[in-house]
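Novice: Spelled out, the chains give:
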Amino acid sequence: MDRFLETFLNPVVMAQYTPDIIAGIWVTLQIAAAVIVAGILAGLALACLRSYGVKTLNFFIICYADIFRALPPLVVILILYFGFPSIGIQLSGPMVLFLVLAATLAAFAEEIFWAGFSSVEKGQWEAGIATGLGFTRTLTYVALPQAVRLAIPPLVNRVLAITKMTALGSAIGVSEILSSATTAQSFSGSATPLTMSVAAYLVIFLPMVVFARWLESRTAWKKR
Amino acid sequence: MDIFIDQFFNIDIMRQSLPLMMSGLWMTLKLCSAVILLGLIGGLFVALGNMSERRWLRWISIAYTDLFRALPPLVLLIFIYAGLPFAGVNISPFYAVVIAFLLNNSSYYAEVYRAGLISVAKGQWEAAQSTGLSTVQTLAHVVLPQAIRNVLPDLLSNTVEVVKLTSLASVISLSELLYNAGMARSVTYNASPLVLAALIYLVLLWPLVRLVSHFQRRLAA
Chain A
1400 MDRFLETFLN PVVMAQYTPD IIAGIWVTLQ IAAAVIVAGI LAGLALACLR
1450 SYGVKTLNFF IICYADIFRA LPPLVVILIL YFGFPSIGIQ LSGPMVLFLV
1500 LAATLAAFAE EIFWAGFSSV EKGQWEAGIA TGLGFTRTLT YVALPQAVRL
1550 AIPPLVNRVL AITKMTALGS AIGVSEILSS ATTAQSFSGS ATPLTMSVAA
1600 YLVIFLPMVV FARWLESRTA WKKR
Chain B
446 MDIFIDQFFN IDIMRQSLPL MMSGLWMTLK LCSAVILLGL IGGLFVALGN
496 MSERRWLRWI SIAYTDLFRA LPPLVLLIFI YAGLPFAGVN ISPFYAVVIA
546 FLLNNSSYYA EVYRAGLISV AKGQWEAAQS TGLSTVQTLA HVVLPQAIRN
596 VLPDLLSNTV EVVKLTSLAS VISLSELLYN AGMARSVTYN ASPLVLAALI
646 YLVLLWPLVR LVSHFQRRLA A
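So the protein lines, in turn, are chains A and B. Following my numbering, the residues of the first sequence are numbered contiguously, the last one being 1623. Following my numbering, the residues of the second sequence are numbered contiguously, the last one being 666.
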């Protein structure tokens, strides 16, 4: 047991690398916040555009959403990070991570909001337009509030899954939590920094998981 | 434009890397079948624990799902692969991936099953048991088939996530599709193998993604 504690919870190593891990937490939080805002807004914009029913435009929106839901984000990250410099586009690691995760979240958010729009009855659209609101205002004032309310529980789950992917930044040298921890691990020769990273992720994400569970149980109750 | 095609869609380089990619694909498929199968089975047990009448069992399974849904799968993988050897537990990359993703997936699958089990009305349990079926029989013949049918789109979309997840194995140098593509890229200094890997993932997963959307639309209608 002593050896176990010495390896995974060594206080000396902990004290030494706490600043690094905290710096990593900061990077993770910043990228995660940017991804959440950009991804959700882009997804919502795409879903709104799609509701206008322009055929060629919708074809591209659907293709985009399909492709980014089907591709593993790490593949896209590697293509942008290692491939693009050779055609003269140099993007920093954090930028690549942000772009890919935001694009992925946008694809899922588009589908979730679109499902919300589809569930608004046709009669409501007709009623809105008949009262002279016009399509755009019917969309904003009638359909959007209902779609957003329906979208929230699945969206929270998806946001959670995608913000956790900030850990992929460690593959392209973004100094977020995981890569600070693996660097610290190789310098210290101790597994303690890895334990610290696990603890850091739990502190950030466990409240979100619990919140998502609460949100789901609340909506499940309403359905009955 | 020429340089773009040369760098990303270079047919010669794609053809050269094809054998390597195919062996990577084979590893990816092996990983997927292990992780999906074990995840589906493990998740069912966790979900049943969650529905149990015994409070301690419920608590354990809730703690399990929340814990492994809060941890990024890559963190779990690195912890198991790079951390456990410090405790004298050495695990091959393949098993490290299987164990890490099993812990992750079974908790996601468990949540899906749970939603399905809740969706089956309580009267079905009572009716089945009153006809003399045991708990296991009720579950296997009456409740589970309905539960699974109700959450089929979610099971499917979770499975898509599992396949995408296996690409993380490249981080610990397991020679699956993405790792081999990365190797081919660093040898040729050309991103075409990575694009080829992306295309292979699309061929595998696009039909499934379409199917998920189709199911969801049908449920919404």
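These are calculated hints, taken from the structure and not from any lab test. All figures in this text were calculated on a predicted structure; none of them were measured in a lab. There could be a bad hint or two in this list.
As the list claims (entries may be wrong) - Just the calculated beta-carbon pair ranges, DEER-fashion:
{"#": "1", "chain 1": "A", "residue 1": "G1533", "chain 2": "B", "residue 2": "Q591", "range": "42 to 48 angstroms"}
{"#": "2", "chain 1": "A", "residue 1": "I1551", "chain 2": "B", "residue 2": "V648", "range": "43 to 49 angstroms"}
{"#": "3", "chain 1": "A", "residue 1": "F1459", "chain 2": "B", "residue 2": "P590", "range": "38 to 44 angstroms"}
{"#": "4", "chain 1": "B", "residue 1": "R460", "chain 2": "A", "residue 2": "S1491", "range": "50 to 56 angstroms"}
{"#": "5", "chain 1": "B", "residue 1": "Y634", "chain 2": "A", "residue 2": "S1491", "range": "16 to 22 angstroms"}
{"#": "6", "chain 1": "A", "residue 1": "L1448", "chain 2": "B", "residue 2": "F660", "range": "19 to 25 angstroms"}
{"#": "7", "chain 1": "B", "residue 1": "R460", "chain 2": "A", "residue 2": "F1586", "range": "41 to 47 angstroms"}
{"#": "8", "chain 1": "A", "residue 1": "F1534", "chain 2": "B", "residue 2": "A560", "range": "48 to 54 angstroms"}
{"#": "9", "chain 1": "A", "residue 1": "S1491", "chain 2": "B", "residue 2": "P530", "range": "31 to 37 angstroms"}
{"#": "10", "chain 1": "A", "residue 1": "Q1415", "chain 2": "B", "residue 2": "I486", "range": "56 to 62 angstroms"}
Said to hold, decoys possible - Calculated Cβ distances over 12 angstroms to all of chain A for the following chain B residues:
{"#": "11", "residue": "S468"}
{"#": "12", "residue": "S478"}
{"#": "13", "residue": "L489"}
{"#": "14", "residue": "I507"}
{"#": "15", "residue": "S575"}
{"#": "16", "residue": "T576"}
{"#": "17", "residue": "V608"}
{"#": "18", "residue": "R655"}
The C-beta atom is built at its ideal place from N, Cα and C for all residues, glycine as well.
Novice: It remains to establish, for every hint, whether it holds in the given structure.
Specialist: Tested hints:
1. A:G1533 <-> B:Q591: 42 to 48 angstroms: 45 angstroms, holds
2. A:I1551 <-> B:V648: 43 to 49 angstroms: Given a distance of about 34 angstroms, which is not inside 43 to 49 angstroms, the answer is violated.
3. A:F1459 <-> B:P590: 38 to 44 angstroms: 40 angstroms, holds
4. B:R460 <-> A:S1491: 50 to 56 angstroms: The hinted range 50 to 56 angstroms is violated for R460 of chain B and S1491 of chain A, with Cβ atoms some 33 angstroms apart.
5. B:Y634 <-> A:S1491: 16 to 22 angstroms: Since the Cβ atoms of Y634 of chain B and S1491 of chain A sit about 21 angstroms apart, the hinted range of 16 to 22 angstroms holds.
6. A:L1448 <-> B:F660: 19 to 25 angstroms: Holds, at about 24 angstroms.
7. B:R460 <-> A:F1586: 41 to 47 angstroms: 43 angstroms, holds
8. A:F1534 <-> B:A560: 48 to 54 angstroms: 35 angstroms, violated
9. A:S1491 <-> B:P530: 31 to 37 angstroms: This hint holds: roughly 33 angstroms between Cβ atoms.
10. A:Q1415 <-> B:I486: 56 to 62 angstroms: The hinted range 56 to 62 angstroms is violated for Q1415 of chain A and I486 of chain B, with Cβ atoms some 43 angstroms apart.
11. S468: 17 angstroms, holds
12. S478: 17 angstroms, holds
13. L489: Holds, because the least Cβ-Cβ distance between L489 of chain B and chain A comes to about 19 angstroms, which exceeds 12 angstroms.
14. I507: At roughly 8 angstroms from the nearest Cβ of chain A, I507 of chain B sits no farther out than 12 angstroms, so the non-interface label is violated.
15. S575: With a cut-off of 12 angstroms, S575 of chain B remains clear of chain A, as the shortest Cβ separation is near 24 angstroms.
16. T576: Holds: least Cβ distance 26 angstroms, greater than 12 angstroms.
17. V608: Incorrect as stated: the minimum Cβ-Cβ distance to chain A is 8 angstroms, not above 12 angstroms.
18. R655: Violated: least Cβ distance 7 angstroms, not greater than 12 angstroms.
Of the hints listed earlier, those the structure fails to meet are numbers 2, 4, 8, 10, 14, 17 and 18, in rising order.
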